[in-house]
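Asker: Now for the letters of each chain:
There are 2 protein chains.
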Amino acid sequence: QKPRKATPQTGEDTLNGHLPPGWQSYMSPQGRRYYVNTFTNETTWERPSSVPGTPKSPPANSPSAFTVNGYHISGTPVHQLDSGHMSLRKASGDPQINCVTFPHPDIMPEQQLLKPSEWSYCDYFWADKKDSQGNNTVSGFEILLQKQLKGKQMQKEMAEFVRERIKIEEEYAKNLSKLSQNSLAAQEEGTLGEAWAQLKKSLADEADVHLKFSSKLQSEVEKPLLNFRENFKKDMKKCDHHIADLRKHLASRYAAVEKARKALTERQKDLEMKTQQLEVKLSNKTEEEIKKARRKSTQAGDDLMRCVDLYNQAQSKWFEEMVTTTLELERLEVERVEMIRQHLCQYTQLRHETDMFNQSTVELVDQLLRKVDPAKDRELWVKEHKTGDIRPVDMEI
Amino acid sequence: QKPRKATPQTGEDTLNGHLPPGWQSYMSPQGRRYYVNTFTNETTWERPSSVPGTPKSPPANSPSAFTVNGYHISGTPVHQLDSGHMSLRKASGDPQINCVTFPHPDIMPEQQLLKPSEWSYCDYFWADKKDSQGNNTVSGFEILLQKQLKGKQMQKEMAEFVRERIKIEEEYAKNLSKLSQNSLAAQEEGTLGEAWAQLKKSLADEADVHLKFSSKLQSEVEKPLLNFRENFKKDMKKCDHHIADLRKHLASRYAAVEKARKALTERQKDLEMKTQQLEVKLSNKTEEEIKKARRKSTQAGDDLMRCVDLYNQAQSKWFEEMVTTTLELERLEVERVEMIRQHLCQYTQLRHETDMFNQSTVELVDQLLRKVDPAKDRELWVKEHKTGDIRPVDMEI
Numbered sequence: 001q002k003p004r005k006a007t008p009q010t011g012e013d014t015l016n017g018h019l020p021p022g023w024q025s026y027m028s029p030q031g032r033r034y035y036v037n038t039f040t041n042e043t044t045w046e047r048p049s050s051v052p053g054t055p056k057s058p059p060a061n062s063p064s065a066f067t068v069n070g071y072h073i074s075g076t077p078v079h080q081l082d083s084g085h086m087s088l089r090k091a092s093g094d095p096q097i098n099c100v101t102f103p104h105p106d107i108m109p110e111q112q113l114l115k116p117s118e119w120s121y122c123d124y125f126w127a128d129k130k131d132s133q134g135n136n137t138v139s140g141f142e143i144l145l146q147k148q149l150k151g152k153q154m155q156k157e158m159a160e161f162v163r164e165r166i167k168i169e170e171e172y173a174k175n176l177s178k179l180s181q182n183s184l185a186a187q188e189e190g191t192l193g194e195a196w197a198q199l200k201k202s203l204a205d206e207a208d209v210h211l212k213f214s215s216k217l218q219s220e221v222e223k224p225l226l227n228f229r230e231n232f233k234k235d236m237k238k239c240d241h242h243i244a245d246l247r248k249h250l251a252s253r254y255a256a257v258e259k260a261r262k263a264l265t266e267r268q269k270d271l272e273m274k275t276q277q278l279e280v281k282l283s284n285k286t287e288e289e290i291k292k293a294r295r296k297s298t299q300a301g302d303d304l305m306r307c308v309d310l311y312n313q314a315q316s317k318w319f320e321e322m323v324t325t326t327l328e329l330e331r332l333e334v335e336r337v338e339m340i341r342q343h344l345c346q347y348t349q350l351r352h353e354t355d356m357f358n359q360s361t362v363e364l365v366d367q368l369l370r371k372v373d374p375a376k377d378r379e380l381w382v383k384e385h386k387t388g389d390i391r392p393v394d395m396e397i
Numbered sequence: 001q002k003p004r005k006a007t008p009q010t011g012e013d014t015l016n017g018h019l020p021p022g023w024q025s026y027m028s029p030q031g032r033r034y035y036v037n038t039f040t041n042e043t044t045w046e047r048p049s050s051v052p053g054t055p056k057s058p059p060a061n062s063p064s065a066f067t068v069n070g071y072h073i074s075g076t077p078v079h080q081l082d083s084g085h086m087s088l089r090k091a092s093g094d095p096q097i098n099c100v101t102f103p104h105p106d107i108m109p110e111q112q113l114l115k116p117s118e119w120s121y122c123d124y125f126w127a128d129k130k131d132s133q134g135n136n137t138v139s140g141f142e143i144l145l146q147k148q149l150k151g152k153q154m155q156k157e158m159a160e161f162v163r164e165r166i167k168i169e170e171e172y173a174k175n176l177s178k179l180s181q182n183s184l185a186a187q188e189e190g191t192l193g194e195a196w197a198q199l200k201k202s203l204a205d206e207a208d209v210h211l212k213f214s215s216k217l218q219s220e221v222e223k224p225l226l227n228f229r230e231n232f233k234k235d236m237k238k239c240d241h242h243i244a245d246l247r248k249h250l251a252s253r254y255a256a257v258e259k260a261r262k263a264l265t266e267r268q269k270d271l272e273m274k275t276q277q278l279e280v281k282l283s284n285k286t287e288e289e290i291k292k293a294r295r296k297s298t299q300a301g302d303d304l305m306r307c308v309d310l311y312n313q314a315q316s317k318w319f320e321e322m323v324t325t326t327l328e329l330e331r332l333e334v335e336r337v338e339m340i341r342q343h344l345c346q347y348t349q350l351r352h353e354t355d356m357f358n359q360s361t362v363e364l365v366d367q368l369l370r371k372v373d374p375a376k377d378r379e380l381w382v383k384e385h386k387t388g389d390i391r392p393v394d395m396e397i
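Protein chains in written order, with full-length UniProt numbering: chain A, 1 to 397; chain B, 1 to 397.
Careful, some of the hints might be misleading.
Because identical chains share one entry, a pair is satisfied inside a single copy or across any pair of copies.
[What the hints assert, rightly or not] Derived pair list, reagent style BS3-like, types lysine-lysine, alpha-carbon separation capped at 27 Å:
| # | residue 1 | residue 2 |
| --- | --- | --- |
| 1 | Lys167 | Lys296 |
| 2 | Lys233 | Lys317 |
| 3 | Lys376 | Lys147 |
| 4 | Lys167 | Lys200 |
| 5 | Lys376 | Lys156 |
| 6 | Lys150 | Lys178 |
Just so you know, these hints were derived from the structure itself, not from any lab. Keep in mind it's a predicted model, so treat the numbers as computed, not measured.
My request is simple: use the sequences and hints to build the entire structure.
Answerer: What follows is the structure, encoded as C-alpha cells:
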C-alpha cells in the first residue's frame, strides 16, 4: 500500500499558484490536504507559498481541542491529540525522520495546532531539517536554540554599540571643557566682557551635560544590556544536552525495535520453513521442533511489542519535554525583546533629556548679551583710563 | 603769583574721605574746586575717589553750553567754551604739559564737559599721562588708539575661539557618522531589528545636525568676526600719524615762542642797560643807540606776539582734530561692541537651533520602539525557519 499521492489538481493550482520547488501535496484520509518538503522533510498542513514567510491564515477548522496549560503535559499527548481517531494498524514502516515516527500519509490524523494563531515554537519545529546538500540534518530544537544564542549575541553587540557612543560623548565633553578654559579674548571688559566670559563658560556647562549623558548611558543602558542573563549560555547548554539525550535514548530504542523486528521475521521464517518441511516429510523434524519454533516465534512477537512500547514511551517523554522547553524558549525570547525595547527607550529618553539640558546652557549667555551696553562699557573704561578732563586754553603772552 | 592752593578742608574730607595718593585739591577763582594728579598730570573737575572708576555723578551745574554737532567744530573752540569769560593776561608761564597749554590755577576758566553724562572720549583725554616711574609720557590719544587696536585683537581672538568650536563639532559629527555605519547587532530582525536600525541611523542624523551647526558657525559667526574692518590697523595708523603730526607742529611752535621770549628778554635787558648807562654818563652811547635798542625791543615784542598767535592756531587745530577724531573712535567702538554682540547672539541662536534639530533625530526611533511586537517578530521568524508542524505519533507494530 503506497501512500495515496494526490497529484496537483489543475483547477486548484490555477487558483493558488504552483508549489515552491521540492514540495509535494498529499491528501489525508479525512480529506485534508497536507504538504511535504522533499528536500528538508518539513511537513505541514499549510500550503507553502513561493515566498517564504508570507503570512497565511491559520486553518479554518481548528477548534482548540487541546490547550497547553503551563509547561507540563500529562499522559500521552500524541494519543490525546488525535481527536477521536484510534490509531489503526498500519503497513510496515511509519515514516520516520531520524528515529522520530510521523504519521503515514494514508492515515494522517487530524491535528490541530497546540497554540493556534500564535506561531508558537511548540507547533512548528517537530521535524529535523536537511541542509542544502541534503547530507546532514539539524533538529528543529537546535534551530530554536541557535536563535536564543543569537539573541544573546545581539544583546551583547548592542551594549558594545552603546559603549562606543559613550566614548564619543566623553571625547566631546573633554574637548568642550578644554576650550572653555581657553583665554582667547579674556581681556574684553565691561558688559561685553561678561557676556563673552559666560559664553566660554557655557561650553563647560555643555561638557557637563554630555558627561552626565554618557554616565547615564553606562548605568542605565549599557550595563543592563551586558548583564541581562549572565548565565544564559550555560543554561542553553543544559537545555541542549537534555533534549539531545532524549533523542539519543529515542534512537537507541528505535534500534532495539528494528532488531526485534528482524528477530521476529527470522523466527517466523524458521517456523514456516519447518512447517513446510513437515508437510512434505522432507526432514525428520518432529512436532516437538515445530512447537519450539512456534514458541520462539511467539516470544519474538512479544519482544517486539515490548520494544515498541518502550520506544513509544521514550518518544512521549521527548515530545513532552519538547513542548515544555520550546514554550520556555519562546517566553525567554519575548522577555528578551521586551527588555531590549525598554532599554532602547531609555536611550531615547536620555537623548531627549540631554538636548533639553543643553538648551539651558545658553540661557544665561542670552541674558548677558541683552545687557550689553556700549555706553556703560565706555563709562567704565573711561573712568579707569582717563588722563584729564580740563581742556587746554590759549597761550597768553 | 603762586597758584592759590586750597589745603583740604577738614569738614569736607570728613564728608568725602581722603584723596587718593598724589592728588591735590585747588580752588578756582570762581570758587569751584578742581583736582590735579601730581604723578600723571591728570586734571579734573571731579573729585577722584580711592577706587578708580567708581561712578560719580556729573557736576550739578553743567548746562550744555556747547554741544558738538557732528565731528567738525568751527572757530576757536577754546574761546567759545570759556562761557563768557575773557582770557585775562596772566603771569609768565601757563602750566603746559608737553607743549600743550592748560589753564593756570589762578584763572581756571569755567569749563563744562563737551558731552555731559556721556563719558565721551572727547572730554577725558586732554592731558598726557606719565608712566609709573614718571619718565615717559603717553598722550591721551595714544591711550584711545591702543584701546581701538585691542578691540580689533579681541574680535580676532573671538573668531579663533569659534574656529576651535567648529573643529570640535566636526570631530563629533565624524565620530557619530562612523558609529552609525557600524554593523553591531545588524542581525536583529523583525520590529525590534527595525527599531535598532533606526536608532543607529539616528546617529547619522545627529552628525548632520552638528555638521550644519559647524557650517553655520563658520559662515555666520567666525567669518564676519574675522572680516569686520579688515583695514582697521592701517586706518588707525593714519589717525595716529595725523594727530602726532599736529602735536609735533604744536611743539615746534612752542619752541619758537620760547625762543622769541628769550630774544625779547635780551632786547629789554639791553635797552635797560643802555638807558642806565646814559643816565650815569658811563659810556659814550648816543641817544641814537638807545633809540635803536628801543626799536629792537619793540620788534622782539611783536615777534613774540606773532609766535604766540601761530602757537595758538596750531593748538586750536590740534584741539579741533582731537575732538573730531576721538568722537570718531568712540563711534567705532560702539559699532564694534554692537557688531560683536549681534554675532554672539547669532551663536546662541545657532546653539538653540541645533539642540532643537537634535531632538527630532530620535522621534522616529521612539515611533519604531512603540511598534516593537515580540509576537509579530516570532511569527516572522517562525514562518521563515520552521521545520514542520505535523507532530509525531506512536509507532505501530
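Asker: Could you tell me which of the numbered hints above are not met by this structure, giving the numbers in increasing order?
Answerer: Per hint list: single violation, 1.
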